[in-house]
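Residue numbers (numbering that gives the first Met the number 0), protein chains in the order written: chain A, 0 to 412; chain B, 0 to 375.
In case anyone wonders, no lab produced these hints; they're calculated from the structure. A virtual CB, placed ideally from N, CA and C, is assigned to each residue, including glycine. Don't take each hint at face value.
Unchecked claim - Which chain A residues stay away from chain B? Per the calculated CB distances, all over 10 Å, these:
| id | residue |
| --- | --- |
| 1 | Glu216 |
| 2 | Asp226 |
| 3 | Glu230 |
| 4 | Ala286 |
| 5 | Lys287 |
| 6 | Glu314 |
| 7 | Arg322 |
| 8 | Val325 |
| 9 | Gly402 |
Stated by the list, open to error - Reference excerpt, derived from the structure (chain A facing chain B, CB under 7 Å, subset only):
| id | residue |
| --- | --- |
| 10 | Ile283 |
| 11 | Arg303 |
| 12 | Asp304 |
| 13 | Met307 |
| 14 | Leu406 |
| 15 | Leu408 |
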Amino acid sequence: MSDAAKDTTEQAKFRAHCREWLEANHPGQPSVHIPQGALELSDPEALAWLQKWQKSAYDAGLVGADYSEDCGGGGRNNCQRIANQEMQRAKTPFFPNIIGLGMAAPTVYFHGQEGVKQELIPKLLSGEEMWCQGFSEPGAGSDLANQQTFAKKDGDNWLINGHKVWTSLAHFADWMILLCRTSKEDKYNGLSYFVVPIKSALGKGVTIRPLIKLTGETGFNEVIFEDLLVEDKYRLDEVGAGWKVAMTTLAHERGAGPLTTPIAGGQVRAQKKGSAIGNAAALIDLAKQSHRNAASSAEDPIIRDQIMQLMIRQEGFRQNQRRVSVKALNEHPMRIPLQHKLVGTELNQDIAQLAYEIEGAVSSLYVNDANAAAGGQWQLAYMNSFGVTIAAGANEVQRNILGERVLGLPKSK
Amino acid sequence: MTQSQNFGFGDEEAMLKEAAAKFFADNCPANATHSLVADNSDIHRPIESKWDKNLWQQIVELGWTSVCVPESAGGIGMPVVAAVAIAEEAGKAAFPSPLLSTFNATFAVRACESDAASKLLEEIAMGTSATLAITNEKGSWEARDSDVTAQDGKLTGTAYFVQDAQKADVLVVSANTDNGIALYRVDSNAEGVQLQADGIIDLTRDQARIHFDTVAAELLTENGTQALQEAYPAILFITAADMVGSGEWLLQTTAEYAQTRVQFDRALGFFQAVKHPLVNVMLEIDAAKSLTYNAACAVDEEPENALRLARMAKSAASDMAVFSSSRAVQFHGGIGFTWECYVHLFFKRQMHNHILYGDGKYQRTKLAEMLIDAAA
Numbered sequence: 000m001s002d003a004a005k006d007t008t009e010q011a012k013f014r015a016h017c018r019e020w021l022e023a024n025h026p027g028q029p030s031v032h033i034p035q036g037a038l039e040l041s042d043p044e045a046l047a048w049l050q051k052w053q054k055s056a057y058d059a060g061l062v063g064a065d066y067s068e069d070c071g072g073g074g075r076n077n078c079q080r081i082a083n084q085e086m087q088r089a090k091t092p093f094f095p096n097i098i099g100l101g102m103a104a105p106t107v108y109f110h111g112q113e114g115v116k117q118e119l120i121p122k123l124l125s126g127e128e129m130w131c132q133g134f135s136e137p138g139a140g141s142d143l144a145n146q147q148t149f150a151k152k153d154g155d156n157w158l159i160n161g162h163k164v165w166t167s168l169a170h171f172a173d174w175m176i177l178l179c180r181t182s183k184e185d186k187y188n189g190l191s192y193f194v195v196p197i198k199s200a201l202g203k204g205v206t207i208r209p210l211i212k213l214t215g216e217t218g219f220n221e222v223i224f225e226d227l228l229v230e231d232k233y234r235l236d237e238v239g240a241g242w243k244v245a246m247t248t249l250a251h252e253r254g255a256g257p258l259t260t261p262i263a264g265g266q267v268r269a270q271k272k273g274s275a276i277g278n279a280a281a282l283i284d285l286a287k288q289s290h291r292n293a294a295s296s297a298e299d300p301i302i303r304d305q306i307m308q309l310m311i312r313q314e315g316f317r318q319n320q321r322r323v324s325v326k327a328l329n330e331h332p333m334r335i336p337l338q339h340k341l342v343g344t345e346l347n348q349d350i351a352q353l354a355y356e357i358e359g360a361v362s363s364l365y366v367n368d369a370n371a372a373a374g375g376q377w378q379l380a381y382m383n384s385f386g387v388t389i390a391a392g393a394n395e396v397q398r399n400i401l402g403e404r405v406l407g408l409p410k411s412k
Numbered sequence: 000m001t002q003s004q005n006f007g008f009g010d011e012e013a014m015l016k017e018a019a020a021k022f023f024a025d026n027c028p029a030n031a032t033h034s035l036v037a038d039n040s041d042i043h044r045p046i047e048s049k050w051d052k053n054l055w056q057q058i059v060e061l062g063w064t065s066v067c068v069p070e071s072a073g074g075i076g077m078p079v080v081a082a083v084a085i086a087e088e089a090g091k092a093a094f095p096s097p098l099l100s101t102f103n104a105t106f107a108v109r110a111c112e113s114d115a116a117s118k119l120l121e122e123i124a125m126g127t128s129a130t131l132a133i134t135n136e137k138g139s140w141e142a143r144d145s146d147v148t149a150q151d152g153k154l155t156g157t158a159y160f161v162q163d164a165q166k167a168d169v170l171v172v173s174a175n176t177d178n179g180i181a182l183y184r185v186d187s188n189a190e191g192v193q194l195q196a197d198g199i200i201d202l203t204r205d206q207a208r209i210h211f212d213t214v215a216a217e218l219l220t221e222n223g224t225q226a227l228q229e230a231y232p233a234i235l236f237i238t239a240a241d242m243v244g245s246g247e248w249l250l251q252t253t254a255e256y257a258q259t260r261v262q263f264d265r266a267l268g269f270f271q272a273v274k275h276p277l278v279n280v281m282l283e284i285d286a287a288k289s290l291t292y293n294a295a296c297a298v299d300e301e302p303e304n305a306l307r308l309a310r311m312a313k314s315a316a317s318d319m320a321v322f323s324s325s326r327a328v329q330f331h332g333g334i335g336f337t338w339e340c341y342v343h344l345f346f347k348r349q350m351h352n353h354i355l356y357g358d359g360k361y362q363r364t365k366l367a368e369m370l371i372d373a374a375a
């Protein structure tokens, strides 16, 4: 493997440790049904099984390898990457505390007070305490800085009032990373960032209600704060520095932060890669099995043209990811990276949409009908595709960003 | 077989591309090209081929016309991505010359493997320009279709839609024989060759039908279908590269206009009705460009997939060519609708290239046969 070829001495030793430990301690097949990803967790038993796995990996040093020892980490240099490679190689299950590991941990680590970091990060890394993210609000989606949730100074503490939405995993969370407003004077400099208790404050200032997606699936929640009392030590960085702190969170969310997120999930990744749903080439098989107007969909010239269009777009998307590393073939360094989310999510949406047309009349059947084509997964994929064309900056905002940052067009409001 | 991560596009190719970009920016700016090729807007103007032979001579001396001629024949012998890089930069300048035609002829001749072919490659390396005369009256892009017949080494009939016919020194002609299609070499000034120029829309090139009346010709290969099929991927992505370059000029020029032109007290680019489609143009250019370099790399490193990947590139580039040029005219508003605005040079070149060797729908029809029917 080329992965190991460039290892430092420390990394090589750590890799051997990971490999040895995983061989003896792979959790094996789960005893309960595990969903495709952590964000879809709804069964407490599945959560418990995955938490046990995260804890055992943490105890063996495979989670938080690059965090300092006083924060419960391994104190190593650039070794989390090694652990991730080995866990993916061993096709281990994913970690349940995905928001904690990917977003909360680095943010608390870089912006939290001494004492608070040591209090929170170890149980986050071990998965004993689950985390969620409180950024989006009814009035602050794509316009993230338009936060209305307000933290008001109350002696040495803060009182929080407001309404967060699309909060994945809130129903299991012990803690939340919270972006909110401490001043109405200034849009960006009036923001502050806190970590706030969720589970221990239920009924004491925190209410959680599940939101049901248009597919009928659950997965995320709304969280309502009514005079939630938060100690000042749980403020991250200065009052008014919330936007800056949020950028640390978002950089790590996009994989562009200084700390590597612990990622296992080899098992699920392998499933996804082999999965037909979301792959344009899979539409060929679907077309051969489907009928429109009493004829094979694979013989319909318009369907054929559209499948080819999508396969070409998919290949173009793949080749963009290759070209981005060839400096001489890039007009602007951010041009392809900033397209990634926009192009990928619209491609998947269009692939799933074409599946409807290929299936003809059968496309009306859903996952609760035994006669649905491919178990209704294309229909589910189409509806769920809007989650990602909207989330993390709606694609309309992505087009603004590209037009402004790459083409130099004036800022749209 | 898998391709190298960088498309085989290394330091030498990067330097070549940068040099070509600089050369065309210095020597072939849009205003100069416009004065050269668009001096007569009369819709019934005489059919003429206008180009700067001096510039052509300079790029011959730089070796760019023979980047893909093997070293053994006196060429530069670089990977095919080098020709793609030059074609992209030439497209960005809407460069009027037999460059693309010479590249395309080179790929066909390279596949011939005969002494006559080697000799022609040596001549190309010395600066001879060439073009393919391989299309019939109905505009078929299939290697098997030709309206020229060879008998006893003499060609009779007509080749249609011959690109840069007035500029090219040598014609590579496909002709019917008793054993299928063969390829012949004919000098364009040979006796019995009569060139009838087409009145075309694109001002940056010329096109003609060429009549052959028992013209003595030199056989390049008896197996012309196979040679053309081997050359076909390169013909497709060289054309795609030209469209990628022209698309980029249209994008950047239109973005610049949208930054400065003010209406309703705002620069045009402020309005998302302009900004978002312009971003969409960029997305299409980038996909077409990545597919083009991918296909070019395949010729050298993954030949069994080259035709499939080249059809993908041509399809994406053809659709992008229409989109980039239509949006450029539209977003330039009233001025974009005039002859004086340089946009029309690129608009017309894009529309010409978009059809040439098969538009997007044609490529996808062929791809579907390859990917849906063959896989059954």
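Hints, verified against the model:
Residue placement check: Glu216(A) keeps its beta carbon more than 10 Å from all beta carbons of chain B (closest about 30 Å). The beta carbon of Asp226(A) sits about 40 Å from the closest Cβ of chain B, which is more than 10 Å, so the claim that it is off the interface holds. In this structure Glu230(A) is separated from chain B by more than 10 Å, as the shortest Cβ-Cβ distance comes to about 44 Å. A cut-off of 10 Å between C-beta atoms contradicts the statement that Ala286(A) is not in contact with chain B; the least separation is 7 Å.
Separation of Lys287(A) from chain B is inadequate, the least Cβ-Cβ distance of about 7 Å not exceeding the 10 Å criterion. With a minimum CB-CB distance of about 6 Å to chain B, Glu314(A) fails to clear the 10 Å threshold, and the non-interface call is violated. Here Arg322(A) does not stay apart from chain B, with its beta-carbon only about 5 Å from theirs, under the 10 Å limit. In this structure Val325(A) is not separated from chain B by more than 10 Å, as the shortest Cβ-Cβ distance comes to only about 5 Å.
In this structure Gly402(A) is not separated from chain B by more than 10 Å, as the shortest Cβ-Cβ distance comes to only about 4 Å. Given the 7 Å rule on beta carbons, the hint for Ile283(A) holds: about 6 Å separates it from the nearest Cβ of chain B. With a cut of 7 Å, the hint placing Arg303(A) at the interface with chain B holds, because the nearest CB-to-CB distance is about 4 Å. Proximity of Asp304(A) to chain B holds as hinted, the smallest CB-CB distance being about 5 Å (cut-off 7 Å).
About 4 Å separates the beta-carbon of Met307(A) from the nearest beta-carbon of chain B, less than 7 Å, and the hint is met. At its closest, the beta carbon of Leu406(A) sits 4 Å from a beta carbon of chain B; the interface hint therefore holds under the 7 Å criterion. Checking Leu408(A) against chain B by beta carbon gives a least distance of about 3 Å; that is within 7 Å, so the hint holds.
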